[in-house]
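Chemist: Which chain is which? The protein sequence lines are A and B, in order. Going by my numbering, the letters in the first sequence line up with residues 1 to 242, in that order. Going by my numbering, the letters in the second sequence line up with residues 1 to 447, in that order.
It is worth saying that the hints were derived from the structure and are not from the lab. One or more of the hints may lead you astray.
Computed list of lysine to any residue pairs in SDA-like fashion (alpha-carbon distance at most 25 Å, straight line) [claimed, not checked]:
#1 K119(A) to F4(B)
#2 K148(B) to S190(B)
#3 K87(A) to R351(B)
#4 K87(A) to R350(B)
#5 K105(B) to F273(B)
#6 K119(A) to A9(B)
#7 K18(A) to H444(B)
#8 K87(A) to K105(B)
#9 K119(A) to L5(B)
#10 K105(B) to F297(B)
Just the calculated beta-carbon pair ranges, DEER-fashion [to be verified]:
#11 V59(A) to R350(B): 15 to 23 Å
#12 R123(A) to L403(B): 52 to 60 Å
#13 T136(A) to A377(B): 47 to 55 Å
#14 W329(B) to V21(A): 24 to 32 Å
#15 I378(B) to N175(A): 47 to 55 Å
#16 Q114(A) to V311(B): 47 to 55 Å
#17 H211(A) to L425(B): 37 to 45 Å
#18 R350(B) to Q141(A): 27 to 35 Å
#19 D239(B) to Q114(A): 52 to 60 Å
#20 K18(A) to E334(B): 24 to 32 Å
#21 V311(B) to N175(A): 28 to 36 Å
Positions of the beta carbon are idealized from the N, C-alpha and C atoms, including for glycine.
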Amino acid sequence: MPAVVEVRGVEKDYPLGKLTVRALRGVDLTIDAGEFVSIAGPSGSGKTTLLNLIGCVDVPTQGSVSVDGQATSSLDDNGLTNLRLHKLGFIFQTFNLIGVLDVFQNVEFPLLLQGGMDKAARRARVEAIVDAVGLTPQLRQRPNELSGGQRQRVAIARALVTGPRIVLADEPTANLDSQTGANIIDLMKELNAKDGTTFIFSTHDAEVMRHANRVIRLADGLIVDDGRGAPRAEVPAPASPA
Amino acid sequence: MGVFLRIAARNIMLARRRTALLGGALALVTMLLVLLLALSAGLSDTIVRSATTLSAGHVNVSGWHKLTSRDAAPIVMDAQKIRAIVEAETPGLDYTIVRHRGWAKVVSEATSLNAGLVGINYAEEGRLMAQLQLAPTSEYKDGGDDTKVGDFSEIARPGTAILFAGQARRLEVGVGDVLTLSTETSDGQSNTGEVRVVAVAKDMGMLSNWSIFVPTQTILDIYQLKPDTAGAIMVYLKDIDRASETMDTLRDVFMRHGYGVMDHNPVPFFMKFESVAGEDWTGQKIDLTIWSDEVSFLQWVVTAVDTISFVLITVLLIIIGVGIMNTMWIAVRERTGEVGTLRAIGMSRRRVLLMFLLEALLLGFFATVVGAGLGAAIGLAVDAAAIHVPVAAVQAILMTDVLHLQVQLTDVLAAIAVFTVVTALSALAPALRAARLEPVTAIHHIG
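Same shape as in the complex, but just chain B (with noise of 0.2 Å):
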């Protein structure tokens, strides 16, 4: 093997140009794939730590209440002592947090838009205060700078609420301003209340366009609730991986505890209250989702990327794979001498063949390495650097402000690997050529 390896190796550094421009198209290619695999990641990651911050939990027990057979709240009745079962019966559990949801016309002095409302527990949110950044006054206010202004921990504090900024911009409102909450109760009276805006966020992509965060009491009063009553109890776990074999788990313990369950529906609860309200029946289900189904409305951004990486990947590597053949056909002409020398002294065809497709292999995995690496380290770079996306349209789609690229080994590891066998498949019909050509042909050909 070491001499075909040496044989391999040579050929390719005696042609220094071809190999330079095939193995510099491939290396490029690789490196594009990879910087692509890093914003898919990216933005799955984006994608995971938005929902799991703003919208949902690793899994999400929530439930649906039905005074008659045609309504429908989402509302969980004895929310303590369901969180006290999860609590003990989940495997893997970090932590749990209880929110509450609401829908409301929210109300300023210029105008109005509709949003969710999201009813906090501030000792409870260390998770999404980490992640909420104040917004500086120009992202929400003309004529605003960069002072930041407002505090997160204002939310404490009955009658208050926390905007993003592109709510606060359409809403011509900022912080110490008050609105005024336009809703209707499960028993379809309308009620309304105000609050006071503590503090504006920095946008968090599509997902914060519809979340204003309230203190829960305000949920309550609102809506009139009892108490003991919840939106959904948010279930943390160690290892996010486990979510939907979690969820299964929790199914089981349920129903063993007697409660009503419904079927997995994974859409997020906004999207059930026709299919639920046209159920019969009444009184209190539990509904399991797991994370994902609480955002699969967003999971076209992460195929539509992966879709486009695929297609252009795809014509690239078809590209490139005419290109590594017809230089092996190249490469098999100009040798077809050697080739039969080497069937005369002895070398079998397998051995040919083998000789051949070491040289496409060779090439191509040390193009691949070379752009993989490259792509890694372009990929961190940029990632590092926090580059800021400044058009408000593809910050939604990415769900963040700052460019987010996520370098896996694996992605990494794969786009070799898959590279390399492209190349030797692209080689394998000229390598087939020469391992078929007569001994007696090879050695008297003249090109």
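Isolated chain A (complex conformation) (with noise of 0.2 Å):
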């Protein structure tokens, strides 16, 4: 399988007042198409930071990252925003639906905003999508009448609606119970096996991971441990306080 991302001797600093913050440092990592990925790690560890670079709403203070073969550090801002409409799909932890629009017209935003389509034909895509995710009864209702989980599946038929290469999701079953969160996996592995979307999520939660079909390990913005063989660095014991 051709690899879709491509992270690159990545570092990533945050400043904090006076201080900074060194989130990532030195991180290289490979995901081939149609991969299942868990990035997995404490909290702090540096797997939102990943994520948020592999989506494009970030870029890295050193390194380079590619997404399906396209370096983000060569594009501005419409290239990264274009990058992220039309091969990228998000998947939030608060499931971040938009308040005053019905599933339906949550679902068909991102085909809006892509364009070029007819309105039949996102109709029916958007229906199509909505029905894979189970949620057809629910097509006209706003999100504040739905439960957790019905939320996080819209959020999953509007990260697939625009068919993406890559589906990422950062903590998706943080906000929901242990049968829904388990629920929830199993429809992103089924999307998965189905349409061969990559997706990468992030957690915390070892159940989750165990439905992953690769485990990227992170601890203090290394990665610890790829899922693909031996370990990657060692991680220094935190200093004894004195």
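Please assemble the complex out of the two chains, which come individually in their own frames, going by the hints.
Modeler: Structure below.
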């Protein structure tokens, strides 16, 4: 399978007042098309930062990120926006649906941003994807009328409606109970198997990461296990208090 | 675009209280603007109507006659010939009338005042007679009542006069009383004549303070003028907006006919005595003016109303603009997370900007449409109700004793357009801030 994500020597620093926090400290990673990958690690290990960089919503301080063969450092804001619109889908921990739009309109929204599809084709596409996530009866309901699990299903449908190469999900089950979370992961896995869409999701829940075909483990901004073999980096033990 | 409109409309509806307060304020200011514009337009309309009834035609062909280089008489010689030229060569002419002008001390048994004399030919003055209304005796006599006495048509008889109520009150006279007119002829001799008051008209604002109507013959007699003279040939056009253009045409016409024509001086004839007397020529010159020149001294009223309106509306607009800007800042802050999501799923900066601007535009448009509609309705209702203005000073400024508001569609549309644009401009800074948010910062915003 060809690589859809290539991360090379990526470092990411965040200014925090007068200090600089190093979120990623030289990450190398390759993810192939069709993989169902979990990025695991404790809070503060750099999972979200890595997802943000792959999702082109942030840029690295050092190193390079390529998405579907496109080096993100060579793109301006419009280029990155287009890459996100056409190649990537996002699922958020807090669902992040547009409250004033109903299920159909939320799912339809990325298609409207893309343009070029007539109304009938758009409707058919949205209804098919909403049906795939099992929300046809809720098609005209607003997000505040849905349960957490249903909202996350809408988010999945919205992420998939444009037929992206990669779907990124940041802690997609963190705000759901364990049964609903398991159902969401099962749904994602089913869609991955069906369409071959690459799924990359972050989690620190061991139960959730059991569903992944590959688990990439992060600790203190470094990949300690890329899920393809031996651990890649030694993480220094935290210093003992004096 | 449809989905952006839908999002904008629903966000407006979501913040109902905020929308109601802001939209209500915007609607109120728009309503006020429409009413002030209607007042200004009504005032202008009244001035035009009063001016072109009492003291001027749309274009005035008057003249100055100088026996010596140091005097000046506002007389047109050979009036019939000049009138014939005007009637033959004025494009878009409706009709002409001839009036005579004078200035006299008007003496009653009780007191006296100085007033302009306007010599009229009753048969030609249908326009004037349609405008004049008999004043009830209560308006000019102590102990008077609603009875209206007198007859305007009596002015066709020699030795008669029509006064306005204010003048009659000051002179302490009524219909049937006799006044003495005392004046100076063009060769410097004093002369007097008597006139009987045949009607007292309701005041028509400031212009009616200094005009007393008498028959043409009275002016000719008291000034010892030849019959073929006039004060002015007043030219009425089918379209008043062509007055200036017609005046230029007539200037060329008279020059072509060999008349001396004075340079255009846009002030009324009675303000020209000194300047004309100082000019070094003798004989006759034609003086052409348009209606607004003859009432240019009243323009300050419209300017004052417009200035007060402008200052008031500007201050209110600034307050509203700050309110809108503040509201949009709050909206952007509240929806920073949403902006982050939209940017993440592929919305461009331009579209984020558009989304927030559209929200402000939509609010501005609907609020101003409601405000302008209310303003227009109130303006029309007030005008239709012909509300009496009780204070004489206000009547003088408004040129009428009833409140006249003229609602014009162009003013209503302009108010809607200006306020909608101001609303959008007020929202520009917050919308730009929203568009410039970095997706990663916006997504993780908590607030």
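Chemist: Now tell me, hint by hint, if it's right for this structure.
Modeler: Status of the hints after comparison with the structure:
Distance check on the hinted pair: K119(A) and F4(B) sit about 16 Å apart at the alpha-carbon level, within 25 Å; holds. Under the criterion of a C-alpha separation no larger than 25 Å, the hint pairing K148(B) with S190(B) is inconsistent with the structure, at around 36 Å. Among the hinted pairs, K87(A) with R351(B) is consistent with the structure: their alpha-carbon atoms are about 19 Å apart, no more than 25 Å. The suggested pairing of K87(A) with R350(B) holds, with an alpha-carbon distance near 20 Å, which does not exceed 25 Å.
Between the alpha carbons of K105(B) and F273(B) the distance comes to roughly 18 Å, so the proposed pair stays at or under 25 Å and holds. Between the alpha carbons of K119(A) and A9(B) the distance comes to roughly 21 Å, so the proposed pair stays at or under 25 Å and holds. Proximity of K18(A) to H444(B) is assessed by CA-CA distance (about 21 Å); at most 25 Å being required, the pair is judged to hold. For the hint linking K87(A) to K105(B), the alpha-carbon distance of about 95 Å lies beyond 25 Å, and the restraint is violated.
For the suggested pair K119(A) and L5(B), the alpha carbons sit about 17 Å apart, so the restraint of at most 25 Å is met. Restraint check for K105(B) and F297(B): satisfied, since their Cα atoms lie roughly 22 Å apart, inside the 25 Å limit. The hint said 15 to 23 Å for the Cβ distance between V59(A) and R350(B), and at roughly 20 Å that hint holds. Restraint check, R123(A) to L403(B): a C-beta distance of roughly 58 Å satisfies the suggested window 52 to 60 Å.
Range check, T136(A) to A377(B): about 49 Å between beta-carbon atoms, so the 47 to 55 Å window is met. W329(B) and V21(A) have their C-beta atoms about 29 Å apart, which keeps the hinted 24 to 32 Å range intact. One distance hint, 47 to 55 Å for the beta-carbon pair I378(B) and N175(A), holds here, with the actual separation near 54 Å. Take Q114(A) and V311(B): their Cβ atoms lie about 50 Å apart, and the range 47 to 55 Å holds.
The beta-carbon spacing between H211(A) and L425(B), approximately 53 Å, falls outside the hinted interval of 37 to 45 Å. The hinted window of 27 to 35 Å between R350(B) and Q141(A) holds, with their beta carbons roughly 31 Å apart. The hint said 52 to 60 Å for the Cβ distance between D239(B) and Q114(A), and at roughly 57 Å that hint holds. Checked against the hint of 24 to 32 Å, the pair K18(A) and E334(B) passes, with Cβ atoms roughly 30 Å apart.
Taken as a hint, the range 28 to 36 Å is violated for the pair V311(B) and N175(A), whose Cβ atoms sit roughly 55 Å apart.
Hints 2, 8, 17, 21, counting from the list given before, are not met by this structure.
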